Amino acid sequence: MTKASRWAWIVSLVAVTGAGLVLVFLLSLATNSRGLYEQHYVWLFWVNVVVAGLLLLVIGIAGVRLLVRVRRGKFGSRLLLRLAAVFAMVGVVPGLLIYTVSYQFVSRSIETWFDVKVEGALDAGLSLGRATLDAQVNDLATKTRLAAERLSDTANPVPTLALERLREQLSAQEVTLLGANGQVLLTVGRITTAFSPDRPSTTQLRQVRSARVMSQLEGLDEDSVAASNAARVRALAYMPSNSFSLGAQDRFLMVTQMLPTSMVTNALSVQAAYREYQQRALARDGLRRMYIGTLTLTLVLAVFGALLLAVTLGNQLARPLLVLAEGVRQVARGDLTRKQVFASRDELSGLTRSFADMTEQLSEARSLVQRSLAQLEAARTNLQTILDNLTAGVIVFDRDGHIDTVNPGATRILRLPVSAYRGRLLSEVPGLQDFAAAVAQRFELHRSSPEAGERDHWQDAFDLQTTAANGRENDKITLLVRGASMPHAGQLMVFDDITEVVSAQRAEAWSEVARRLAHEIKNPLTPIQLSAERLQHKLESKLEGLDQAMLVRSVGTIVNQVQAMKTLVNEFRDYARLPAARPRALDLNALVSEVLTLYATAQESGRLSAELTPELPTILGDTTQLRQVIHNLVQNALDAVAERPEGWVRLRTEIARTDHGEIRAVRLQVLDNGPGFSEKVLKRAFEPYVTTKTKGTGLGLAVVKKIADEHGARIRLANLTAGGVEGAPVTGAQVSLSFSKFAPADSTPAVVANTEARAH
Amino acid sequence: MRVWTMLALCLLMLVGSPVARAEPITLDSFELARTDEGLVLSFSARFDLSRTVEDALLKGVPLFFVAQADVFRDRWYWRDKEVNSVTRTWRLAYQPLTRKYRVTFGGLSQHYDSLPEALSAVSRTINWKLADPPMLDDGRHYVEFSYQLDTTQMPRPMQIGIGGQADWALRIERVRRLN
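Chains as they are written, first to last, in my numbering: chain R, 1 to 760; chain C, 1 to 179.
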């Protein structure tokens, strides 16, 4: 309901109530005064009843609506109900009280009006009046009879004078002589136009004949004021005729005497009062009912008015509170939209305004918090991504030493499921006990006595030997660990796998040693050989027999050994400093074929075979170095199967293609069915001095690796297993070289130059 | 309307009152005659006043007796047309001073010494003209007649006090069709 229509309703209801009350007032007047209001009593009454009915309807509807809302639990209906009840009670209870008192008052007081004594007094007054009038009547009757008897003695006809004298004696208004039939014979007196002498009826005449005299009051009507003037006593007396003549008729004497005005007035007033009183007494029930009815109707209208006001006022009062309460509920639910402000001129509107402001501030604060959270979340996600993608391992310990966070790098480096041990100590991870102890010790050392130059972190290298999942031991890895303290007494550990770095450094070191050694040793070798040859040259002709043989043998030995040492030193030097590769387009197949010519015997015996894929693309490579590679590999393979009667070595070239069919690399494979590589050797085969052979320098594969690196080729060692399944028994070894540097399309393959074959 | 009002008043004031019953009042004679002067009615009613009414009368309450006659003409297409309606009212009052019963009819008043005389004076009429000849020309006519003790002319509080009491309900009705 809009505000305007609501106001219209209220105003109309108030108007109706007011009209009803005014009518009630009129009604109350009507019971009191007669005349105009009495005539309208009925319709006044009915209008009041209609108004009361209307109000009852309205109140009934409002009450039912309120109760339904309470039943349904609509918000604020209970408050409204309470307010309405309170207001209604305030309006109704005093009204009821007054009604009860008035009811009693009306009933009692009406009763007291009609006192017995008053009635008695009126009765007495009436009797008094009646007695007085009767006395007058009787008096006149007696006098008239006496007069009639006297007159009957006088002569017939009666002289007028006598009648006149009689009239004056009786102080009567009129004296009339009537005949037997009542006809007027003679009359004296003042005749006014107000009345004329009535002819007595025949019954009256007959009555008089028997009773001699009859008198009555006349003209005593209570209606008009003129009655008091017209009241008279009329006496009729029978005049017996004293002559016995025939034709003598009865005569009657009629005397009319006026009653004194004052007496009449008094008597009439007493009668009137008596009549009034009796009417009232008879009507007192009705009167009481009228009063009570008016009272009840007033009560009803007042009560309804109060109820209506109660509901309306309650509504007015409750609305701002309800607005407020609704707002609070919304806030509690988390809805922080703009709240309604109630516009009125009292403190409640200020309250609603403050509440709306507070809600707005809350809303702003919340959105601020949400923005900050979002930013925080973004930053955190950023950091998390960085942490996850670090190659270094990060482990965070809390203040008790339990693992707090582990990044994927740590798991990868350690090759252990460290993240599963989150919340536990590092020493609980199998295989990391020593490492954990060492780390803890180092942390303690740092905390108690930090070394010079280390302020907030320490750095150290640890060796770690872990066991793989299948029980075999992993290789030893070297970790560079850096530790620092975190805020809240936590500890941070960052480590890197520097095994390969160490290994590379080691290779580098060896390489340097080798070069130096080679250089130092090589120098004296030539003079030694020359001296020995000179000795032989000089002394061979001078000695004979055994001495000569011994000389030759000895010098030969010296020369051979020196040669061997030279070779060794050369190999060292080669390893240390490979000559620069001169890459040229070459056909791998052609090179392989050329090298294999040197192993003709092995080929013929079936131990060595070649499977060369034709139409190999030309690759870029140094012929000399690649020749050496092939030599080394083939020799290794042949040495591996030397003990086996069924041993074979296969040399294979093939083209490796990508998923789309393009040429990716040219692969050279050397396979044998020897004992294969052991785990240890597999890992460190390319390191210098790693060998399974009893003789040799152990530099062969190292050189191969170096050459491969020069060419940008990839070399891989693997074991052949039965059926190609991992874990099955080893049936042989395989070395693969993949060359991916191809010669430009238009270059011709280099002529295979014939150089010294280097045997390994 | 009068009976409705009385009933409603009684209900509202929580006074149950018995439904009004008609006191035995009879019409001794009821004669309609069509003369040169028009339609004339002569009737006489006979009844006894109950104790309450007589008491009220002796205490000075005036009684009103009303005779009403309505002449209707039949009409098939609508309500019957009322040709003429005449009323006669008698006022009967007791005068405690003179102990006489005064009957007022129109402007005339008469005194009677006893109640029966007075009652007979108020309850009969001779040659009461109901309608003029011109009004009775067309159609069929009938007369609705009622004679009752009229309480509406009494003072209001008395009326309410009486309510619908059976003692005060004196009424007789008659419908006669003209031939």
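Calculated directly from the structure, the hints in this document are not laboratory data. Remember, it's a predicted structure, so these values are computed and weren't measured experimentally. Any given hint might turn out to be false.
As the list claims (entries may be wrong) - Here are the in silico distance ranges between beta carbons for each label pair:
{"#": "1", "chain 1": "R", "residue 1": "108", "chain 2": "C", "residue 2": "178", "range": "30 to 38 Å"}
{"#": "2", "chain 1": "R", "residue 1": "120", "chain 2": "C", "residue 2": "173", "range": "57 to 65 Å"}
{"#": "3", "chain 1": "C", "residue 1": "126", "chain 2": "R", "residue 2": "54", "range": "50 to 58 Å"}
{"#": "4", "chain 1": "C", "residue 1": "152", "chain 2": "R", "residue 2": "317", "range": "50 to 58 Å"}
{"#": "5", "chain 1": "R", "residue 1": "276", "chain 2": "C", "residue 2": "171", "range": "42 to 50 Å"}
{"#": "6", "chain 1": "R", "residue 1": "117", "chain 2": "C", "residue 2": "173", "range": "56 to 64 Å"}
{"#": "7", "chain 1": "C", "residue 1": "152", "chain 2": "R", "residue 2": "154", "range": "25 to 33 Å"}
{"#": "8", "chain 1": "C", "residue 1": "134", "chain 2": "R", "residue 2": "131", "range": "30 to 38 Å"}
Cβ coordinates follow ideal geometry from the N, Cα and C atoms, glycine included.
These are the hints, each one checked on the structure:
no., hint, in the structure
1, R:108 - C:178: 30 to 38 Å, "59 Å, violated"
2, R:120 - C:173: 57 to 65 Å, "43 Å, violated"
3, C:126 - R:54: 50 to 58 Å, "54 Å, holds"
4, C:152 - R:317: 50 to 58 Å, "52 Å, holds"
5, R:276 - C:171: 42 to 50 Å, "28 Å, violated"
6, R:117 - C:173: 56 to 64 Å, "46 Å, violated"
7, C:152 - R:154: 25 to 33 Å, "59 Å, violated"
8, C:134 - R:131: 30 to 38 Å, "59 Å, violated"
When the structure is compared with the earlier hints, violations turn up for hints 1, 2, 5, 6, 7, 8 and for no others.
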